[in-house]
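Asker: Please put together the full structure from these sequences, using the hints given.
Following our numbering, the numbering of the sequence shown begins with 1 at its first residue and continues without gaps.
Hints are computed from structural coordinates only; laboratory data are not their basis. Keep in mind that a hint or two might mislead.
[Said to hold, decoys possible] Derived DEER-like restraints, expressed as beta-carbon distance ranges:
(1) Arg31 / Ile162: 28 to 34 Å
(2) Gly51 / Gly106: 26 to 32 Å
(3) Tyr107 / Leu66: 47 to 53 Å
(4) Arg165 / Gly120: 27 to 33 Å
(5) Gln69 / Tyr107: 50 to 56 Å
(6) Ala34 / Leu90: 30 to 36 Å
(7) Ala110 / Phe160: 22 to 28 Å
(8) Leu153 / Ser70: 20 to 26 Å
(9) Ala105 / Ala39: 17 to 23 Å
(10) Gly106 / Ser132: 34 to 40 Å
All residues carry an ideal CB built from backbone N, CA and C; glycine is no exception.
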Amino acid sequence: MSTMQRVDPESQTQAEGADGEQAIEFKPLTREEALQWRARQPSLSLWRLVGLQLVVGLSAGALAWLLTQSASVAWSVLYGAAAVVLPSALMAYGLTSSALSRLLAGYAQAAFAGFLLWEGVKVLLVVAMLWSAPWVVPQLNWLGLLAGLVLVLKVYWFGFWIQTRRANLNG
1 MSTMQRVDPE SQTQAEGADG EQAIEFKPLT REEALQWRAR QPSLSLWRLV
51 GLQLVVGLSA GALAWLLTQS ASVAWSVLYG AAAVVLPSAL MAYGLTSSAL
101 SRLLAGYAQA AFAGFLLWEG VKVLLVVAML WSAPWVVPQL NWLGLLAGLV
151 LVLKVYWFGF WIQTRRANLN G
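Answerer: Right under this line is the structure:
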């Protein structure tokens, strides 16, 4: 059974290694310290991230229609956004709500394998959606599709930025 290790600088002590270099010794966290550390770490819901992607995608589609007055551009932007949102939603379901995720929850290596499985399913679905785009969207505008895809993909970075900002504000 592995134990959590301290990573805060004040708990590190220096010890001289066999080769004369300074090695850092880590002390395991107690149960209470581990619970306190977890309480200080902000959690990011996968479903909140998917919801934010959906809102950004729908807004981008509406904005594309307002700026171009072209339904084909708006549908292309929406399809590009959907090529990110739908696979992300499927992966979020697979990681949080599926019977497989509940079965593998207690085993780190099996949970990681489940993550890789759902990531593979997500990538295959994205590729299939992009490959089928010319047949699904009439008068497909590739630039609009790419704009919707990239814009919604950037939501991951926005979510990461918000989380790091919250962590810095919480101390």
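Asker: Take the hints in turn and mark each one as holding or not.
Answerer: Structure-based check of each hint:
no.: 1; hint: Arg31 / Ile162: 28 to 34 Å; in the structure: holds, 30 Å
no.: 2; hint: Gly51 / Gly106: 26 to 32 Å; in the structure: holds, 28 Å
no.: 3; hint: Tyr107 / Leu66: 47 to 53 Å; in the structure: holds, 50 Å
no.: 4; hint: Arg165 / Gly120: 27 to 33 Å; in the structure: holds, 32 Å
no.: 5; hint: Gln69 / Tyr107: 50 to 56 Å; in the structure: holds, 54 Å
no.: 6; hint: Ala34 / Leu90: 30 to 36 Å; in the structure: holds, 32 Å
no.: 7; hint: Ala110 / Phe160: 22 to 28 Å; in the structure: holds, 26 Å
no.: 8; hint: Leu153 / Ser70: 20 to 26 Å; in the structure: holds, 23 Å
no.: 9; hint: Ala105 / Ala39: 17 to 23 Å; in the structure: holds, 20 Å
no.: 10; hint: Gly106 / Ser132: 34 to 40 Å; in the structure: holds, 38 Å
Consistency note: the structure conflicts with none of the earlier hints.
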